[in-house]
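There are 2 protein chains.
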Amino acid sequence: MHHLSERNIIEAIARQSRGGPPELIKGIGDDCAVVRKAGGLVDLWTTDALVQGVHFDLAWHPPRLLGRKAASVNISDIGAMGGRPRFALLCLGLPAACSRQLLDELMAGFLEVLTMHDMVLVGGDTVFAGERLMLSVTVCGEMEERHVCYRAAARPDDLIWVSGCLGDAACGLALCRQGLRAEEAYLSLCRAHLDPQPQARLGRLLAQSGLIHAMMDISDGLATDLAHICKASGVGAEIMAPDVPLSPELQKTAPALQLAPLELALQGGEDYQLVFTAPADSSAPLQDLCRGAGRDIACVGRITAGEGVMLCREGERQDITFRGYEHTF
Amino acid sequence: MHHLSERNIIEAIARQSRGGPPELIKGIGDDCAVVRKAGGLVDLWTTDALVQGVHFDLAWHPPRLLGRKAASVNISDIGAMGGRPRFALLCLGLPAACSRQLLDELMAGFLEVLTMHDMVLVGGDTVFAGERLMLSVTVCGEMEERHVCYRAAARPDDLIWVSGCLGDAACGLALCRQGLRAEEAYLSLCRAHLDPQPQARLGRLLAQSGLIHAMMDISDGLATDLAHICKASGVGAEIMAPDVPLSPELQKTAPALQLAPLELALQGGEDYQLVFTAPADSSAPLQDLCRGAGRDIACVGRITAGEGVMLCREGERQDITFRGYEHTF
Numbered sequence: 000m001h002h003l004s005e006r007n008i009i010e011a012i013a014r015q016s017r018g019g020p021p022e023l024i025k026g027i028g029d030d031c032a033v034v035r036k037a038g039g040l041v042d043l044w045t046t047d048a049l050v051q052g053v054h055f056d057l058a059w060h061p062p063r064l065l066g067r068k069a070a071s072v073n074i075s076d077i078g079a080m081g082g083r084p085r086f087a088l089l090c091l092g093l094p095a096a097c098s099r100q101l102l103d104e105l106m107a108g109f110l111e112v113l114t115m116h117d118m119v120l121v122g123g124d125t126v127f128a129g130e131r132l133m134l135s136v137t138v139c140g141e142m143e144e145r146h147v148c149y150r151a152a153a154r155p156d157d158l159i160w161v162s163g164c165l166g167d168a169a170c171g172l173a174l175c176r177q178g179l180r181a182e183e184a185y186l187s188l189c190r191a192h193l194d195p196q197p198q199a200r201l202g203r204l205l206a207q208s209g210l211i212h213a214m215m216d217i218s219d220g221l222a223t224d225l226a227h228i229c230k231a232s233g234v235g236a237e238i239m240a241p242d243v244p245l246s247p248e249l250q251k252t253a254p255a256l257q258l259a260p261l262e263l264a265l266q267g268g269e270d271y272q273l274v275f276t277a278p279a280d281s282s283a284p285l286q287d288l289c290r291g292a293g294r295d296i297a298c299v300g301r302i303t304a305g306e307g308v309m310l311c312r313e314g315e316r317q318d319i320t321f322r323g324y325e326h327t328f
Numbered sequence: 000m001h002h003l004s005e006r007n008i009i010e011a012i013a014r015q016s017r018g019g020p021p022e023l024i025k026g027i028g029d030d031c032a033v034v035r036k037a038g039g040l041v042d043l044w045t046t047d048a049l050v051q052g053v054h055f056d057l058a059w060h061p062p063r064l065l066g067r068k069a070a071s072v073n074i075s076d077i078g079a080m081g082g083r084p085r086f087a088l089l090c091l092g093l094p095a096a097c098s099r100q101l102l103d104e105l106m107a108g109f110l111e112v113l114t115m116h117d118m119v120l121v122g123g124d125t126v127f128a129g130e131r132l133m134l135s136v137t138v139c140g141e142m143e144e145r146h147v148c149y150r151a152a153a154r155p156d157d158l159i160w161v162s163g164c165l166g167d168a169a170c171g172l173a174l175c176r177q178g179l180r181a182e183e184a185y186l187s188l189c190r191a192h193l194d195p196q197p198q199a200r201l202g203r204l205l206a207q208s209g210l211i212h213a214m215m216d217i218s219d220g221l222a223t224d225l226a227h228i229c230k231a232s233g234v235g236a237e238i239m240a241p242d243v244p245l246s247p248e249l250q251k252t253a254p255a256l257q258l259a260p261l262e263l264a265l266q267g268g269e270d271y272q273l274v275f276t277a278p279a280d281s282s283a284p285l286q287d288l289c290r291g292a293g294r295d296i297a298c299v300g301r302i303t304a305g306e307g308v309m310l311c312r313e314g315e316r317q318d319i320t321f322r323g324y325e326h327t328f
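Just so you know, the sequences run in chain order U and S. At position 150 of the first sequence (counting the first as 1) the number is 149 in numbering that gives the first Met the number 0, and the numbers step up by one without a gap. At position 180 of the second sequence (counting the first as 1) the number is 179 in numbering that gives the first Met the number 0, and the numbers step up by one without a gap.
Treat each hint with caution, since some may be false.
One copy or two, either will do: identical chains are not told apart, so a pair holds if it fits within one copy or between any two.
The calculated EDC-like cross-link candidates involving lysine to aspartate or glutamate, where the alpha carbons are at most 16 Å apart (straight line), are [what the hints assert, rightly or not]:
1) LYS251 x GLU262
2) LYS36 x GLU22
3) LYS36 x GLU141
4) LYS36 x GLU143
No lab work stands behind these hints, which were simulated from the structure alone. A quick note: this is a predicted structure, and the numbers were derived from the prediction, not measured.
Take the sequences, apply the hints, and build the full model.
Here's what the structure looks like:
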């Protein structure tokens, strides 16, 4: 399964499953499904699976951090709509060779992140799954309907913002593959891959501020995730290469691995930062808001009336629409 | 992973994830999690995974029926609390060799059952999963809080009832394994394994009637599922062997396969019928209710003040507690 065909499959499934009751505000096609309930609130639902040898390698992924990551990537989707995660369900596919210790560490990590976010595990299934460990997680969140941030809400002339730095996770994966996980200098990069921090609190803050339009999390690289926003909103995007936030560690380490920092940032995936759009006159209050919350955000470009995602670098424009990370290795 | 250790794992996880907000009425440990919401209603959540080579074999399982089954087994859990299934999320783990046609048939079957139950697919994830096809499904349902039927509600002297006939699915699996799926005489037995019919409407009817106490669905065989009810309720159960409902097809076919019909019924699993308990004075109205709905139910024994599940046969008592189906083949 290549990335493009995964996307095609999801689009085909979405076409087949249109409709639904009036309380279903959004089905397939955003970070979460959105279902209206009483009191001006909505439920948010999302599901994401991690498969051994596809999304993680136990050779370098400590089980506790893997358990944390399985929770975090789903919490990230709730945060990307602006919601508060509440409950999780976990389907655990266990290989024959799975030890009790691995399982205990995995669950400890998973539950640790749930506790951090005031969430509870409410159900699950444990099955024998052959050769590969597999974690399939569903998370339910909640928020006020009027604050939900959809992918489809970007408008021409919006500025495009991202939280944190991009590319660290992809560089961390490259370091892990080369057996460099334990090196002191690479800890923060490796940690970005092994134990990403979902920006759920920031997402909630941004949504409640009323300052922003579209939002989603960056799981497949900015080039792909921004392309989702553009497609859903019927707009285009221009990214200014020099404005993409790169950590000092990435800028120092990537070249030594023969990797281009900017490419990792745009196409690397798994950063689980947020990308969001906002009208230009929101910039000052947005920066104040995030500074107050101790979060860095950076303006990386603007939404256009065109289509696709263009990278502007040294006077050239390059189409990078959907040039994101493929979940294979 | 053997069945017993699966159960141990779930119990260990449940111990680690106690607590939660006051609106969480029931977490891990029943057919569904139960969360209170406005208007006297609760949400019900359940998740169940099917793994190729563990829960199904594509050599004899037509993809459309497999898609149907993945939906049905989750809908069965919602029905077992008395709820109305509403929404589904699907994590699809696809092997490298998965064809577009297989995928289309699988999804057609899955969505067909959702439509039959007025449900909508609201989200999912599609991942490459190595060697095995895997379907991990989460279903959310809804019902009135005062009608929820828990496992823990059985009381001494309740009568024990089951819907439909038991053992057909296990016999059907044996027939499929022997390549006899296409034989006209075996169609209904094979269908019970390949395309089980969840008793969600009957479950809802029973729950709303106020006539019953505990209820759950029979996924692992009556011996195991009734043991769950007994353990949760702090009671015992006696099953009268001659009263266990066996279909004419099962009684005719099982002996020819060197299988005992009663063992398949008690330990075979995957029938997705309902087992429920009710005070003796509910018997007549219960039978009227089910007759009116065109559903057969049979009284198979009674709840005792003891513990464990006893099988009473020809004057002998045999302990069959948790002697159910192991999800392996």
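Quiz item: So which hints don't hold here, by number, going up?
Solution: The structure conflicts with no hint, since it agrees with every one listed earlier.
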